[in-house]
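Residue numbering for the sequence shown follows our numbering, starting at 361 and increasing by one per position.
You can trust all of the hints, since none of them are fake.
Mimicking BS3-like on lysine-lysine, the simulated pairs with C-alpha atoms at most 27 Å apart in a straight line are: (1) 401 <-> 388; (2) 388 <-> 416; (3) 404 <-> 416; (4) 404 <-> 388; (5) 409 <-> 388; (6) 362 <-> 409.
What the hints contain is simulated information worked out from the structure, not anything from laboratory work.
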Amino acid sequence: MKLIAGLGNPGSQYELTRHNIGFMAIDKIADAFLIPMDFDKKQKAILGKGMMGSEKVILAKPQTYMNLSGESIRAISDYYNIAPEDIIIVFDDISLDVGQLRIRKKGSA
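Build out the structure end to end from the sequences listed, making use of the hints.
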């Protein structure tokens, strides 16, 4: 099982900002793979569980604000016993131009 977490800030005032690109990506993935999303109070996130091809996935939009998103992601990964190597984080990076993408296996934000 994979956890795909999109980072952003909750609230309509942040909805279409660059900082919320992670939330937007999760919304697109959920739509494309018909994965319903719903708020999970215990995990402090909007979650969706489904399949992407043959892979079980959990989609997550932490509702803890960007700087505290690790709390939610940790709670989800602990609850579902997801190993760190099976976690994908989608977020904006101000050092990249709009439209650029960087993929890396290790590192910090």
